[in-house]
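Trainee: One-letter residues, chain by chain:
2 protein chains.
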Amino acid sequence: MKKFIYPDSTSLKTALTRPSIDAGDMEELVKSIFDDVSINGDQAIQKYTERFDGVSLNELLVSGEEISLAEKALSTELKTAIKLAASNIKTFHESQREEVVEIETMPGVVCWRKSVGIDKVGLYIPGGTAPLFSTVLMLGIPAVIAGCKQIVLCTPTRKDGTVHPAVLYTAQLIGIKEVYKVGGVQAIAGMSLGTSTIPKVYKLFGPGNQYVTAAKQYAQKLGVAIDMPAGPSELMVVADENSNATFIAADLLSQAEHGSDSQVVLVATDNTIIEKVEIELTKQLADLPRKATAEMALENSSAILVQKVEMLSIINEYAPEHLILQTSFNEELLNGIVNAGSVFIGEYTPESAGDYASGTNHTLPTNGFAKQYSGVSLDSFVKKITFQQISKNGIQQIGSAIEEMAAAEGLDAHKNAVSVRLKNIKG
Amino acid sequence: MKKFIYPDSTSLKTALTRPSIDAGDMEELVKSIFDDVSINGDQAIQKYTERFDGVSLNELLVSGEEISLAEKALSTELKTAIKLAASNIKTFHESQREEVVEIETMPGVVCWRKSVGIDKVGLYIPGGTAPLFSTVLMLGIPAVIAGCKQIVLCTPTRKDGTVHPAVLYTAQLIGIKEVYKVGGVQAIAGMSLGTSTIPKVYKLFGPGNQYVTAAKQYAQKLGVAIDMPAGPSELMVVADENSNATFIAADLLSQAEHGSDSQVVLVATDNTIIEKVEIELTKQLADLPRKATAEMALENSSAILVQKVEMLSIINEYAPEHLILQTSFNEELLNGIVNAGSVFIGEYTPESAGDYASGTNHTLPTNGFAKQYSGVSLDSFVKKITFQQISKNGIQQIGSAIEEMAAAEGLDAHKNAVSVRLKNIKG
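In order, the protein sequences belong to chains C and D.
Per the numbering used here, the first sequence runs over residues 1 to 427.
Per the numbering used here, the second sequence runs over residues 1001 to 1427.
Read the hints as simulated data drawn from the structure, not as lab findings.
Think of the CB as a built atom: it goes at the ideal place given N, C-alpha and C, for glycine as much as any other residue.
Restraint-style ranges between C-beta atoms, simulated for each label pair:
(1) D:1296 - C:87: 55 to 63 Å
(2) C:210 - D:1038: 21 to 29 Å
(3) C:87 - D:1011: 48 to 56 Å
(4) D:1054 - C:424: 39 to 47 Å
(5) D:1209 - C:68: 55 to 63 Å
Chain C with its partners taken away, still in its complex shape (with noise of 0.2 Å):
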């Protein structure tokens, strides 16, 4: 970790950056593949599985069988781990439900919304180093809750042609009916285009490698909507002189072993906290499987001595998407922090809890992006349509104020039509 001592305005500027992203120009190879598959359909999504991925495949769908078997594979403990999850999970985004409420905005004047489930939507779980069957929990509880009729998932298979079993146990768990062994490009391709076997959706959701990302960037031409931008994943920790240095080192660490383009940031108010945690990095790295990976993250990040009263414009410049408040002032600083994806608050409260079981989404903003975006939530599975019902009496108390403004921009049909209905009544 690169170390800033109550740095100026500059240096701070330095100590936030991201590591650039070399997204390099993958839209020529993107758009290829959806061209081939918009043609070709299912024989192009196994040509791409066999040439990316080294796998050939008769059949997409994952079937009962393999799901059956795939409970079978797993440890009790795990089994009831995920089950815990999945219900601290549901809790939480059954809480999101927004009842419908009928608002008179004036008499005769009824207004309200409703939310309704995107019909088809398209879970992506990527394989590679590990089976990320907790995004299969985060991703397909909002889904199912939210009443969403057709859920598609895809995940690339393993060497074998086989898919992991936690994730096929944790999506049949979680009600999840139609899973593709497809991953990549082809994948996103073919839930943005259909196939004969792959069901065309209207939204997608899921994180991914660089391919996938210009592959999602690429369907929302095409009208598909995705869940959010993506970036490498970033933690930022904010501590005091009473923070725990191992606690510290620990969630650093975790969220470090993601990726080498994975960035965390510890602000302090207390240089000796800094150097506890630093002794505590090299200690706690000895021991990590992926040390490689999150060595080489530490090298995009930065310790930061502080004031206290810097902190706040720190954390909501910075709009870290985790953010994990270890001081004896988390109160203070709780209702200032307006740009962060999840918040962390406590020493008892690790990134990993929300990764995986608190009940929060762990698909959050990246990259800033929690300026503006969300996170995933059961908002992100929903539409609101908004209705409205007015009576005789409420056009007539609405009517000129709407005749009037139509007048004024130019638009006597507007106009009009509440003209006719004012004549009607009148008789």
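Could you slot chain D onto chain C? The hints should help.
Mentor: Then chain D, alone, in the frame of chain C:
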């Protein structure tokens, strides 16, 4: 209007096809303007304003004096109408506030979320043929309720370098202080990049022509969020033998006068009502100032005779921006509507009411995007931040599940962030 009598599925598809939008590729042009604004700031803004709008301005920010003059320029009737609309829109959007509710997902694990206004938002109000002060209400009121700290409004001037007084009056009425005389691509570039005069914003809202739409898409590539993808406005009216043909014709024309690319669709269970509406259309068209526009829109439009039982699937397949229900079986339809922007129920509820004054928002998903997008609401101006606080007891309850899941995903540092805490508690 093209007429379809009990169409089969192929004809129905034709009947519901939207006019194709030849957006062309404007990205080159848009990029060149963004690049210029990025380097030359206000100077570039002024150059393009002179080139595209034929107006030369020394000062982009609208002055207090101009706002005072605007108030004097409007009739009392119009000001009263705007105030009434503002009050209804405020009432309905204030009802969309979400209270903070703490959820204890399991003992010692408390999660909640909090809506926070997006700090900096940009509202674009087109100039052109109509001064869209109603859109100032629809975007400005939720922005103010959300607590957005900086609300920037850009709008092109008229040929004499002034902004229409209704736009200025409405802006000051609802509390918008920064109005800039800039339109088109250069306005979107200014708000996306920031200049010495125009502030950089995090999210852009508002309608516009194809250039503005292309500029908003380009802004999104730079990390600025936008309200929703744009398309021509549209209306579906559902009728039966009891409907009032005069009202329906007036509603269809109110949509058709928007632009030659607008579309209206009449779906009826009775052929006589379709014939009556056609006669009424001809009659009402004769007197319309925007007759030519409305006629062109009607050429893109359909009247469809269907069985009552098909009604819901037609509505949901088309996913209309505006949907008017003027039948004796409205109540039967309501629960089944899943894809629509805003719904107008009953014969005294014209679309005009929602366009101006009922309280609902008129910025709605077009082009079938009601399948996956909501209209603008208070939600559009906030981010929802999640929080969690776990007690010593809580981490003991939830800790082993997190450890189990992290280990199964191969993320040992995630596991360790819990293990160090459990170890510390056990002493």
